[in-house]
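Colleague: Chains A and B are the protein sequences, given in the same order. Quick note: the first sequence, position 362, residue 362 per this note's numbering, numbers continuous. Quick note: the second sequence, position 96, residue 96 per this note's numbering, numbers continuous.
Bear in mind the hints are in silico, worked out from the structure with no lab data behind them. Predicted model, so just to flag it, every value in this text is computed and none were measured. We put the beta carbon where it would ideally sit given N, CA and C, even for glycine. A hint or two may mislead.
In silico DSS-like links for lysine-lysine, alpha-carbon gap of 25 Å or less [as the list claims (entries may be wrong)]:
1) B:Lys9 / A:Lys42
2) A:Lys311 / A:Lys160
3) A:Lys85 / A:Lys160
4) A:Lys85 / B:Lys96
5) A:Lys245 / A:Lys42
6) A:Lys42 / A:Lys85
Sample of chain B residues with no beta-carbon within 12 Å of chain A, all distances over it, derived [as the list claims (entries may be wrong)]:
7) Arg21
8) Glu22
9) Gly23
10) Gln51
11) Gly57
12) Pro65
13) Val66
14) Asp73
15) Arg74
16) Thr87
17) Ala94
18) Glu95
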Amino acid sequence: MNLFRSHVLVCAGAGCVSSGCLATEEALVDEIAKLGLDREIKVIETGCIGTCDLGPVLVVYPEGIFYRNVTADDAREVANEHLLKGRIVQRLLYRDPLTSQIVQTYGEMEFFSRQLRIALRNTGVINPEVIEEYIARDGYEALACALTTMSGEQVIATIKESGLRGRGGAGFPTGLKWQFTAQAHSDVKYVVCNADEGDPGAFMDRSILEGDPHAVIEAMAIAGYAVGASAGYVYVRAEYPLAVKRLQHAINQARDYGFIGDNIFGTGFRFDLEIRVGAGAFVCGEETALIASIEGRRGEPRPRPPYPAAKGLWGKPTLLNNVETFANICPIILHGAQWYARIGTEKSKGTKVFAVAGNINNTGLVEVPMGMTLRQLVFDVCGGIPGGKEFKAAQAGGPSGGF
Amino acid sequence: MKTVDELRKLREEVRQMTRLREGEPEVRIVVAMGTCGIAAGARETLNALLQEIAARGLAGVSVSPVGCMGLCDREPIVEVNAHGGRTLYARVNAEKARRIVREHVEAGWVIEDWVTRN
Numbered sequence: 001m002n003l004f005r006s007h008v009l010v011c012a013g014a015g016c017v018s019s020g021c022l023a024t025e026e027a028l029v030d031e032i033a034k035l036g037l038d039r040e041i042k043v044i045e046t047g048c049i050g051t052c053d054l055g056p057v058l059v060v061y062p063e064g065i066f067y068r069n070v071t072a073d074d075a076r077e078v079a080n081e082h083l084l085k086g087r088i089v090q091r092l093l094y095r096d097p098l099t100s101q102i103v104q105t106y107g108e109m110e111f112f113s114r115q116l117r118i119a120l121r122n123t124g125v126i127n128p129e130v131i132e133e134y135i136a137r138d139g140y141e142a143l144a145c146a147l148t149t150m151s152g153e154q155v156i157a158t159i160k161e162s163g164l165r166g167r168g169g170a171g172f173p174t175g176l177k178w179q180f181t182a183q184a185h186s187d188v189k190y191v192v193c194n195a196d197e198g199d200p201g202a203f204m205d206r207s208i209l210e211g212d213p214h215a216v217i218e219a220m221a222i223a224g225y226a227v228g229a230s231a232g233y234v235y236v237r238a239e240y241p242l243a244v245k246r247l248q249h250a251i252n253q254a255r256d257y258g259f260i261g262d263n264i265f266g267t268g269f270r271f272d273l274e275i276r277v278g279a280g281a282f283v284c285g286e287e288t289a290l291i292a293s294i295e296g297r298r299g300e301p302r303p304r305p306p307y308p309a310a311k312g313l314w315g316k317p318t319l320l321n322n323v324e325t326f327a328n329i330c331p332i333i334l335h336g337a338q339w340y341a342r343i344g345t346e347k348s349k350g351t352k353v354f355a356v357a358g359n360i361n362n363t364g365l366v367e368v369p370m371g372m373t374l375r376q377l378v379f380d381v382c383g384g385i386p387g388g389k390e391f392k393a394a395q396a397g398g399p400s401g402g403f
Numbered sequence: 001m002k003t004v005d006e007l008r009k010l011r012e013e014v015r016q017m018t019r020l021r022e023g024e025p026e027v028r029i030v031v032a033m034g035t036c037g038i039a040a041g042a043r044e045t046l047n048a049l050l051q052e053i054a055a056r057g058l059a060g061v062s063v064s065p066v067g068c069m070g071l072c073d074r075e076p077i078v079e080v081n082a083h084g085g086r087t088l089y090a091r092v093n094a095e096k097a098r099r100i101v102r103e104h105v106e107a108g109w110v111i112e113d114w115v116t117r118n
């Protein structure tokens with residue numbers, strides 16, 4: 001395998017795409033080739049790195065030099081000055097909003113060092129369209145472990161013990177939901193992923209699907225094994241075309257490799273999944289309306305009980321979880337329930353991804369341990385209020401959130 | 001992917017793909033590539049280092065060019081940060097570069113004859 005001495009990550013989440021990162025990437029790749037460095041320097045398009053108002057963003061490894069607001073011309077300068085001659089381009093570096101001091105590397109930026117990225121473990125690190133990069137970072141190992149060394153009951157017990165709660169907003173204990181679905185009697189069951197994410201300004205789920213689609217695929221297969229389902233659907237809102245594209249590509253690759261399909265890892269377990277695209281209805285983020293939509297009916301909620309775990313898609317027991325909930329499953333299987341339960345608070349284990357926007361210095365996507373205070377999130381992670389102004393109010397939940 | 005073993009074997013092969021983006025490399029090699037370095041042949045030195053590291057299948061080694069370090073009469077300069085120490089080698093041509101990879105980086109022996117101190 002060719003040894004690249006440097007990896008340059010270009011953030012290609014939808015936010016940076018609209019800031020022009022593809023032109024930046026093209027200029028970078030062309031210049032690297034012109035300088036004859038293309039066998040030494042690898043350019044990798046990743047999912048959302050998180051600093052959404054600083055895009056287009058480049059991170060140069062192994063040092064982790066972080067460049068912001070990089071135009072196509074800037075990219076050419078980075079290639080000539082930094083990549084060829086080893087001279088860091090100072091004017092493109094990040095400045096701490098409170099001290100105005102330059103912070104050179106990703107690792108030194110408080111915005112990143114204070115995060116604990118579990119659901120976002122691969123987002124912004126790997127190329128989501130190259131399954132081998134997912135595999136390199138323990139991809140599909142959790143599925144392998146679950147299928148070959150654990151029973152369905154043991155998987156459910158692990159998720160219950162971890163304390164993971166639904167990340168769609170309702171916070172229902174995930175392990176318990178899996179248990180109910182597993183206990184329902186039926187020849188056919190389904191696993192559904194709710195990727196409708198209708199709340200304006202929320203893009204946690206979008207970023208996971210764009211940046212690490214395999215994390216969701218693998219988790220859904222594990223869920224299928226645990227509850228006794230062999231078919232899954234990911235319901236993605238139509239307004240997320242990049243997420244749909246990357247997810248479909250990932251599903252195709254996973255199928256090619258045999259991670260989904262028939263007889264996975266030779267265990268006889270069968271699981272496959274498809275995407276169902278929404279059509280613009282906010283209400284289809286509600287689980288029963290979502291199920292109606294997949295069935296081809298008008299998206300309308302219905303009273304519960306019966307809950308989807310008992311009677312869901314086409315009347316069959318259906319496990320329905322949010323994207324971010326699924327994104328937490330594989331690390332829990334790999335590192336154990338206790339590892340996860342040590343993070344967070346007594347009643348809320350693990351981490352939470354937040355999309356932070358408004359009058360704040362560092363807007364974007366972060367993942368922090370549960371229990372971090374709002375003050376710490378606003379000031380320590382996101383750099384405080386622009387212009388050093390006073391904090392007045394924060395609204396959780398965005399425009400759809402309550403007061 | 002028919003078995004778990006096949007998956008693990010593939011993982012070993014592709015581990016290198018993302019390694020550079022994860023945490024600190026165990027060994028950091030720095031090559032001075034200012035104009036003086038390049039004029040003295042630092043490009044060939046850099047290429048030789050990369051080729052030898054790839055040929056030996058070494059993992060966790062990073063190679064970074066930097067600007068002029070100031071020791072312009074002793075270029076090409078190669079700094080090796082490995083095994084808890086920092087060593088500055090002077091006048092490193094491609095052949096010496098390969099030996100540094102094998103003897104210092106891989107086996108841990110500093111090649112004293114080529115070391116320069118300030």
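Colleague: Now tell me, hint by hint, if it's right for this structure.
Modeller: Outcome of the hint check:
1. For the hint linking Lys9 of chain B to Lys42 of chain A, the alpha-carbon distance of about 23 Å falls within 25 Å, and the restraint holds.
2. Distance restraint check for Lys311 of chain A and Lys160 of chain A: the Cα-Cα separation of roughly 22 Å lies within the 25 Å cut-off, and the hinted pair is therefore satisfied.
3. For the hint pairing Lys85 of chain A with Lys160 of chain A, the CA-to-CA distance comes to about 53 Å; that exceeds 25 Å, so the pair is violated.
4. About 22 Å separates the Cα atoms of Lys85 of chain A and Lys96 of chain B, which keeps this hinted pair within 25 Å; it holds.
5. The suggested pairing of Lys245 of chain A with Lys42 of chain A holds, with an alpha-carbon distance near 23 Å, which does not exceed 25 Å.
6. For the hint pairing Lys42 of chain A with Lys85 of chain A, the CA-to-CA distance comes to about 16 Å; that is within 25 Å, so the pair holds.
7. Distance check for Arg21 of chain B against chain A: the nearest CB is about 5 Å away, which does not clear 12 Å, and the non-interface claim fails.
8. Separation of Glu22 of chain B from chain A is inadequate, the least Cβ-Cβ distance of about 8 Å not exceeding the 12 Å criterion.
9. Consistency note on Gly23 of chain B: stated as away from chain A, yet its beta-carbon is not over 12 Å from all of that chain's, at 9 Å minimum.
10. Under the 12 Å C-beta cut-off, the non-interface status given to Gln51 of chain B relative to chain A is violated; the minimum distance is some 8 Å.
11. Look at Gly57 of chain B: its CB is around 9 Å from the nearest CB on chain A, not clear of 12 Å, so calling it non-interface is violated.
12. Under the 12 Å C-beta cut-off, the non-interface status given to Pro65 of chain B relative to chain A is violated; the minimum distance is some 4 Å.
13. Separation of Val66 of chain B from chain A is inadequate, the least Cβ-Cβ distance of about 4 Å not exceeding the 12 Å criterion.
14. With a minimum CB-CB distance of about 19 Å to chain A, Asp73 of chain B clears the 12 Å threshold, and the non-interface call stands.
15. With a minimum CB-CB distance of about 17 Å to chain A, Arg74 of chain B clears the 12 Å threshold, and the non-interface call stands.
16. Listed as outside the interface, Thr87 of chain B is consistent with that label: its C-beta sits roughly 19 Å from the nearest C-beta of chain A, beyond the 12 Å cut-off.
17. Once the 12 Å rule is applied to beta carbons, Ala94 of chain B is consistent with being away from chain A; the minimum gap is 15 Å.
18. Under the 12 Å C-beta cut-off, the non-interface status given to Glu95 of chain B relative to chain A holds; the minimum distance is some 19 Å.
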